[in-house]
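Visitor: Residue strings, one per chain:
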Amino acid sequence: MAARITEVSAGVLNFLAGVIQPAPPDVAEAAYAATDVLETLDGKRVRVVPVSYGDAERLARRRVMKEYKVATVIEVPYLAAASPAAEGAIPPDWVDQQVAWVEANIFDPLNETFVHAEDGLLLGSLTCWACEVTSVYDPIRLAEEKLLVSIVETSYRESVEG
Amino acid sequence: MLQQAAEWLAATLATSEGVDVTYTRAGQTPITITVVPGRVRPERFALADGRVNLETEPADFLVKAEAIDFGSGPVEPATGDRITLAGRTYELMPRDGEPSWRPLTQYPQTLADGTTVVRCPMYRLRTIRVKVGP
Chain X
5 MAARITEVSA GVLNFLAGVI QPAPPDVAEA AYAATDVLET LDGKRVRVVP
55 VSYGDAERLA RRRVMKEYKV ATVIEVPYLA AASPAAEGAI PPDWVDQQVA
105 WVEANIFDPL NETFVHAEDG LLLGSLTCWA CEVTSVYDPI RLAEEKLLVS
155 IVETSYRESV EG
Chain P
3 MLQQAAEWLA ATLATSEGVD VTYTRAGQTP ITITVVPGRV RPERFALADG
53 RVNLETEPAD FLVKAEAIDF GSGPVEPATG DRITLAGRTY ELMPRDGEPS
103 WRPLTQYPQT LADGTTVVRC PMYRLRTIRV KVGP
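In order, the protein sequence lines correspond to chains X and P.
Going left to right, the first sequence walks through residues 5 to 166 as the numbering used here numbers them.
Going left to right, the second sequence walks through residues 3 to 136 as the numbering used here numbers them.
These are computed hints drawn from the structure, not numbers from a lab.
Among the chain X residues that face chain P by a calculated CB cut under 10 Å, a handful are:
no., residue
1, Tyr-36
2, Ala-37
3, Val-77
4, Ala-84
Partial list, derived from the structure: chain X residues whose beta carbon lies under 7 Å from chain P:
no., residue
5, Val-41
6, Leu-45
7, Ala-75
8, Ala-85
9, Gly-92
10, Glu-148
All C-beta atoms, glycine included, are put in the ideal place defined by N, C-alpha and C.
This is chain P alone, in the form it adopts within the complex (with noise of 0.2 Å):
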């Protein structure tokens, strides 16, 4: 029950609210992918007692776990990846302390042979949005 709820969240959230990005990793050819934006929420860090302050853009997306392939199957994320929404380019990373992606849900599922795997339906990426160097 709580894996088909699970997945259909999944779904209806990537259908409802998904947003075309391309998904970029150094290295390989870049895809295109539907992920979900979430939560953006500016901030502001002071250097030096405040005399240079610094704003950055954090933003979280999620991501059906599964959307992620270049080719050779599904791949999981992986910090330093970058995301290019209209124009802005965000990159994984970590942020006050936790890790730059983490699974939204876990679900234990037993299969055939008796023999039970972890799955999860969606990603939850942390973004930052960042200046793309020449």
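Bound conformation, chain X alone (with noise of 0.2 Å):
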């Protein structure tokens, strides 16, 4: 039997792929530790990854509220000639479409699904507590790598006895 984080991080991934439906070079993953190498970067990489759990509160005696968090990490590289009149620098409109698409693919979704027990929850039990966008990207890494890295941190709670 899997732990209960990891089924929550199989679960959002599997809500996820079938928002994005990622097609070949997009890959969507559940991943412990990914490693990619940037020369072979062809495509988007979603990846849902465990971060922490633990009980949120007492709600009686014998029931309390845990808490699951997952994060959701997502790279896009840019693979177009730079632009010398841009003295090399990513278009502000390619990060711009990037920024969008990861709000409207990733952020929207988790943060207004799962939201409500009357139209479901993640895995029948869980409900979205929170959803953040802890890093719309890296600066150093869309400079140095031309690599946008945004990261959204999603929490899940759930009643169960304990």
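Using the hints, put the two chains back together into the complex; each one sits in its own frame.
Guide: Structure representation (structure tokens):
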């Protein structure tokens, strides 16, 4: 039997894969520790990784609210040739497009789904408690590797005996 | 004396250690130039507290100042220029807070009319190995 946090990661990945429907060379996968090599990175990488879990609050003598936090790490390489006119910098329009893609395809779906029990919960019992883009992009990776890295953290809670 | 030594060093390095590469700039016809491969120091960056890691292969090259000539006279390197060597593509990018290229050595030279110019026999190029898009 998988640990609950692993099930949560897999559930979030399964949900996101249904939303973004990645087509090669894009990839969406669950991971404990992944390594990308810049010169082989040919498309978007979306990874759901476990972050933490624990008791969030006690609800009753034998009932506790558990919280599970997962991170979705998005990498988008800029593959086009640099423009000398822009002194090699990535076009701001491209950055805008990727930031908008993350918002529309990762943040919004995670933030707006599994919120109300009547609309369905993650794995049937987990409510989306918080969703935050903790890194819109990493300016150093953007400048030095032409790679947009964005991180979205999501917390889910469920009430269990305990 | 220093001027002669610097130019001798640049010429000797290019002759003895140089390799031919394809040098590309967007909007220009690619050219073949001789560069001297320098330090290669693979790096690894942790994303999301190390749950996702990124490996890169920065590499330095030395090039004679007059080598980069797309047909209208020598020009300076530029961020975004690409070097293709043995099937690998490297792109000039700023790195660790340093610019993507800089003069390796510089010395002042007084011309016949009495004016002084700064001459530079070689550039050091800072690059990183990249994936070339379709």
